[in-house]
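There are 2 protein chains.
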Amino acid sequence: MAEKLGIEVKKADDPNAWFTEIINKSEMIEYTDVSGCYILRPKSQHIWDTIHDFIDTRIKRRGVKNCSFPLFIPESLLLKEQEHVEGFAPEVAWVTHSGETKLAERLAVRPTSETIMYAAYAKWIRNYKDLPLKLNQWNNVVRWEFKHPQPFLRSREFYWQEGHTAFATEAEAREEAMDILMNVYRPTYEELLAIPVLVGAKTEREKFAGAVQSLSCEVFLPIGKAIQGCTSHYLGTNFAKAFGIEYVGQDQQKHFAHQNSWGFTTRSIGVAIMMHSDDKGLVLPPPVADHKVIIVPVFQKDNNEDVLTAAKEISHELKGFDPLIDDRIGYTLGWRMNDAELRGYPLRIELGNRELEAGIVTLVRRDTLQKMQVKREELRETVKEQLEAMQRALYLKAKAHLDASIVEEYSSLENIQKQVEAGKLIKTAYFSDSTTDDIIREKTAGKTLCSPFEDLTKDYVCPFTGKPATHYVYIAKSL
Amino acid sequence: MAEKLGIEVKKADDPNAWFTEIINKSEMIEYTDVSGCYILRPKSQHIWDTIHDFIDTRIKRRGVKNCSFPLFIPESLLLKEQEHVEGFAPEVAWVTHSGETKLAERLAVRPTSETIMYAAYAKWIRNYKDLPLKLNQWNNVVRWEFKHPQPFLRSREFYWQEGHTAFATEAEAREEAMDILMNVYRPTYEELLAIPVLVGAKTEREKFAGAVQSLSCEVFLPIGKAIQGCTSHYLGTNFAKAFGIEYVGQDQQKHFAHQNSWGFTTRSIGVAIMMHSDDKGLVLPPPVADHKVIIVPVFQKDNNEDVLTAAKEISHELKGFDPLIDDRIGYTLGWRMNDAELRGYPLRIELGNRELEAGIVTLVRRDTLQKMQVKREELRETVKEQLEAMQRALYLKAKAHLDASIVEEYSSLENIQKQVEAGKLIKTAYFSDSTTDDIIREKTAGKTLCSPFEDLTKDYVCPFTGKPATHYVYIAKSL
Chain A
138 MAEKLGIEVK KADDPNAWFT EIINKSEMIE YTDVSGCYIL RPKSQHIWDT IHDFIDTRIK
198 RRGVKNCSFP LFIPESLLLK EQEHVEGFAP EVAWVTHSGE TKLAERLAVR PTSETIMYAA
258 YAKWIRNYKD LPLKLNQWNN VVRWEFKHPQ PFLRSREFYW QEGHTAFATE AEAREEAMDI
318 LMNVYRPTYE ELLAIPVLVG AKTEREKFAG AVQSLSCEVF LPIGKAIQGC TSHYLGTNFA
378 KAFGIEYVGQ DQQKHFAHQN SWGFTTRSIG VAIMMHSDDK GLVLPPPVAD HKVIIVPVFQ
438 KDNNEDVLTA AKEISHELKG FDPLIDDRIG YTLGWRMNDA ELRGYPLRIE LGNRELEAGI
498 VTLVRRDTLQ KMQVKREELR ETVKEQLEAM QRALYLKAKA HLDASIVEEY SSLENIQKQV
558 EAGKLIKTAY FSDSTTDDII REKTAGKTLC SPFEDLTKDY VCPFTGKPAT HYVYIAKSL
Chain B
138 MAEKLGIEVK KADDPNAWFT EIINKSEMIE YTDVSGCYIL RPKSQHIWDT IHDFIDTRIK
198 RRGVKNCSFP LFIPESLLLK EQEHVEGFAP EVAWVTHSGE TKLAERLAVR PTSETIMYAA
258 YAKWIRNYKD LPLKLNQWNN VVRWEFKHPQ PFLRSREFYW QEGHTAFATE AEAREEAMDI
318 LMNVYRPTYE ELLAIPVLVG AKTEREKFAG AVQSLSCEVF LPIGKAIQGC TSHYLGTNFA
378 KAFGIEYVGQ DQQKHFAHQN SWGFTTRSIG VAIMMHSDDK GLVLPPPVAD HKVIIVPVFQ
438 KDNNEDVLTA AKEISHELKG FDPLIDDRIG YTLGWRMNDA ELRGYPLRIE LGNRELEAGI
498 VTLVRRDTLQ KMQVKREELR ETVKEQLEAM QRALYLKAKA HLDASIVEEY SSLENIQKQV
558 EAGKLIKTAY FSDSTTDDII REKTAGKTLC SPFEDLTKDY VCPFTGKPAT HYVYIAKSL
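In the order they appear, the protein sequences are chains A and B.
First residue of the first sequence? That's 138 in my numbering, and the numbers climb one at a time after it.
First residue of the second sequence? That's 138 in my numbering, and the numbers climb one at a time after it.
These are calculated hints, taken from the structure and not from any lab test.
Be a bit skeptical, because a hint or two may be false.
Pairs involving identical chains hold if they fit within one copy or between any two copies, as the list cannot separate such chains.
[Stated by the list, open to error] Cross-link-like lysine-lysine pairs, in silico, DSBU-like; alpha carbons within 35 Å at most: (1) LYS604 with LYS362; (2) LYS378 with LYS239; (3) LYS162 with LYS284; (4) LYS202 with LYS417; (5) LYS521 with LYS456; (6) LYS271 with LYS595; (7) LYS271 with LYS148; (8) LYS580 with LYS362; (9) LYS595 with LYS438; (10) LYS197 with LYS271; (11) LYS391 with LYS260; (12) LYS521 with LYS202; (13) LYS456 with LYS197; (14) LYS260 with LYS417; (15) LYS217 with LYS521; (16) LYS378 with LYS162; (17) LYS449 with LYS260; (18) LYS362 with LYS536; (19) LYS266 with LYS456; (20) LYS162 with LYS147; (21) LYS564 with LYS148; (22) LYS239 with LYS362; (23) LYS217 with LYS162; (24) LYS449 with LYS271; (25) LYS536 with LYS456; (26) LYS162 with LYS391; (27) LYS217 with LYS284; (28) LYS564 with LYS202.
With the rest of the complex left out, here is chain A:
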């Protein structure tokens, strides 16, 4: 409270500095002495808990059960799947000692749990009746990967759910990977966080280490940069072969199980902040805000009894919206209003003697900052409507920006370069290959995001390689 209120950096001028200021001053995050590891304060924990409930309900409906596997993975286990270990080994945090005793084998702090989980799957899966096996964990993972860590977006420890499923057939596995992406993750972004997403398949170069195919939600931010939102992987039988996950089918033959893994992380909180917040502070989608309404009484020199009583009555009437009253003495009205904007309460109710006499309140929506006069008897209904209207408006604003940013360019490399540089989202057709991805990184300011789930409708020539194009692909600068 003693610190200077108000955001000093503008989002458009320096998005990273603005982001840092926002999440600190609104008390979402506190830094610690461990670089890349942050404290999620109650306001951001509430968002994560809301996301948790949203996803957990949907995956349980699909027969997924929660469980907990150990934090530590012996090095020998991590080494079992070749591509996987190559992808993760450089960023593993290693435990080497307990007390002053050196461990016989060093232990990885899990960067993801495929290896320790699949060692158990190999024990549990014997015949086709044991399939499908659908488990999920809500936990923390550590990836010591980022030279420039950033809270939520690129943190060394983060929180997520990791779903790990095994099926008898490729078709079932691929169907589930797609179902999770389209019917669990997409609505989490679109309905809960008011963020439109691009869905598609990651390119060869960008897919998960050990996967056959990685599907993803990609988010395009108002600052003209994209960020990966979440992924759902079809692992094929790669891990099944490495770990010996075999089942006896109805044909009495042994088969390798087909596996998926899919995860949704606390990065999504950072994405939501980057998407919706502004130069006055946080703008939170109402479904994830810890308090949907803040009531700010307007104090007079004396006799504030009536205003405080009315504030309490209104708070009581608005039960279910977790209203908060800011009745702090010693802070001006202007200061308290700015503070409410900084902290991103979706609706602010201002209440003074003038309002009391007229039987109204002043209602201010955080996204538009427009004021409206609302009759007391209509308040509850109006609050409900305005929260829904705000959620729609946030989504539509983001969607309008996304739609306006997409540039289709199928031939001119020069125009692709120019548009990427200008912060546009390019849709083009290319020859899908790891080397093409490298060329794109080299020749443009951007990288590939994903290939949409559409077949090519024309015979395009890949603008990067001159070869016949195989897929559509999105390209943009990346956060």
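Starting from the structure of chain A, add chain B where the hints point.
The following block gives chain B in isolation, referenced to the frame of chain A:
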């Protein structure tokens, strides 16, 4: 399924071997390659999630908010409170490398979060308006302490909630530490897990490293051994002084904050299993069972249509009790009944043609194994009643054993030794001091559990030291 069904070791003969067999065969736990770290399978995860919700609701009602602090604690932070570091340093898992790079400072995998949390509290707490501060985390911690680790009871990684609160005054802090013990933790054991507890204060020797006073729930098991159930600590200003947690009071003077920490762990799951389960397998308190009812259709040589249809109808009628149907072909009725007993479903419904014709079902309660015939139209109500009756019966059985085990002995050391050896729970009066605890460990087969919240009513002489007694104390063998 291929493994041999049925528990081969008897609880009375070898409780530890019996426990290991129970939790493996009922699919509560799977072992891993990391000694002391276990997989919580969905059945035990469900129990923990139920405990989570029970406690979380109650602490939120008390104004406690959830948050997440980093898993890693820099060594320099851990060293700040002298007693604390001495208590935990020998059992810390140390991260020394990321990838192949040696870290500048080694990082402790949190054994508990006092140090990293209180470094932040020192930043956040400035004046009396910032108090009380009440935060909680649901997370995993690692203590590499046990020579003989055991799932749930003594695992190297475990799950818990850790509440950390700061107050202006000692009185407020002590009141909260007691409130959490008596009104959050005790009902978690008594109401949810059907386990009676002894409440009291830990002795000097047994209290938490860094605390002024540790309060605890102690559980006395049917095998004649006690185990600590959970603790709530008043930390005084020990950590506040080490971390500089000071507030400016209404008197404009600086004061150190008074702090508490309190935790409830997955050990409680192991305690519940040790308390209630028997030689046939798991016996779970109904409120924490993943499925309250299992329906076992009795198959005939042919025409099982009617029985299966009825099983589905009953399953539908019993919605809310998460009923499960065991309609596995190829397993005998006896095998499926034993399997249901092994897995601890509180109620089993047997359903064959005989029952169908009579319009009844056979209902079997897991704790008593008594069979009753129930009319179909009364089934839902009877299920509800029997689940409640079972919960009461489990509690009363444990309470009767506890009451019958308490031996009050205030003078004869020899009798105390004899009774402890015989698996009794001794209540005596002693001279409270660390050295007395050592004498008790040396001269008896037991140790002190806690001192009940009662003042001495007579002038006793401590049977261990000959000094005037200061407190009542419980002594028993320890698991």
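How the hints compare with the structure:
no.: 1; hint: LYS604 with LYS362; result: within (28 Å within a copy, 76 Å between copies)
no.: 2; hint: LYS378 with LYS239; result: both (32 Å within a copy, 33 Å between copies)
no.: 3; hint: LYS162 with LYS284; result: within (24 Å within a copy, 46 Å between copies)
no.: 4; hint: LYS202 with LYS417; result: between (42 Å within a copy, 26 Å between copies)
no.: 5; hint: LYS521 with LYS456; result: both (12 Å within a copy, 32 Å between copies)
no.: 6; hint: LYS271 with LYS595; result: neither (40 Å within a copy, 62 Å between copies)
no.: 7; hint: LYS271 with LYS148; result: between (42 Å within a copy, 33 Å between copies)
no.: 8; hint: LYS580 with LYS362; result: within (17 Å within a copy, 72 Å between copies)
no.: 9; hint: LYS595 with LYS438; result: neither (73 Å within a copy, 62 Å between copies)
no.: 10; hint: LYS197 with LYS271; result: both (10 Å within a copy, 32 Å between copies)
no.: 11; hint: LYS391 with LYS260; result: within (15 Å within a copy, 60 Å between copies)
no.: 12; hint: LYS521 with LYS202; result: both (34 Å within a copy, 25 Å between copies)
no.: 13; hint: LYS456 with LYS197; result: both (29 Å within a copy, 16 Å between copies)
no.: 14; hint: LYS260 with LYS417; result: between (55 Å within a copy, 24 Å between copies)
no.: 15; hint: LYS217 with LYS521; result: neither (53 Å within a copy, 49 Å between copies)
no.: 16; hint: LYS378 with LYS162; result: between (50 Å within a copy, 27 Å between copies)
no.: 17; hint: LYS449 with LYS260; result: between (59 Å within a copy, 31 Å between copies)
no.: 18; hint: LYS362 with LYS536; result: within (14 Å within a copy, 64 Å between copies)
no.: 19; hint: LYS266 with LYS456; result: between (48 Å within a copy, 25 Å between copies)
no.: 20; hint: LYS162 with LYS147; result: within (14 Å within a copy, 60 Å between copies)
no.: 21; hint: LYS564 with LYS148; result: within (26 Å within a copy, 67 Å between copies)
no.: 22; hint: LYS239 with LYS362; result: between (45 Å within a copy, 34 Å between copies)
no.: 23; hint: LYS217 with LYS162; result: between (45 Å within a copy, 28 Å between copies)
no.: 24; hint: LYS449 with LYS271; result: between (47 Å within a copy, 23 Å between copies)
no.: 25; hint: LYS536 with LYS456; result: within (32 Å within a copy, 41 Å between copies)
no.: 26; hint: LYS162 with LYS391; result: between (58 Å within a copy, 25 Å between copies)
no.: 27; hint: LYS217 with LYS284; result: both (27 Å within a copy, 29 Å between copies)
no.: 28; hint: LYS564 with LYS202; result: neither (38 Å within a copy, 45 Å between copies)
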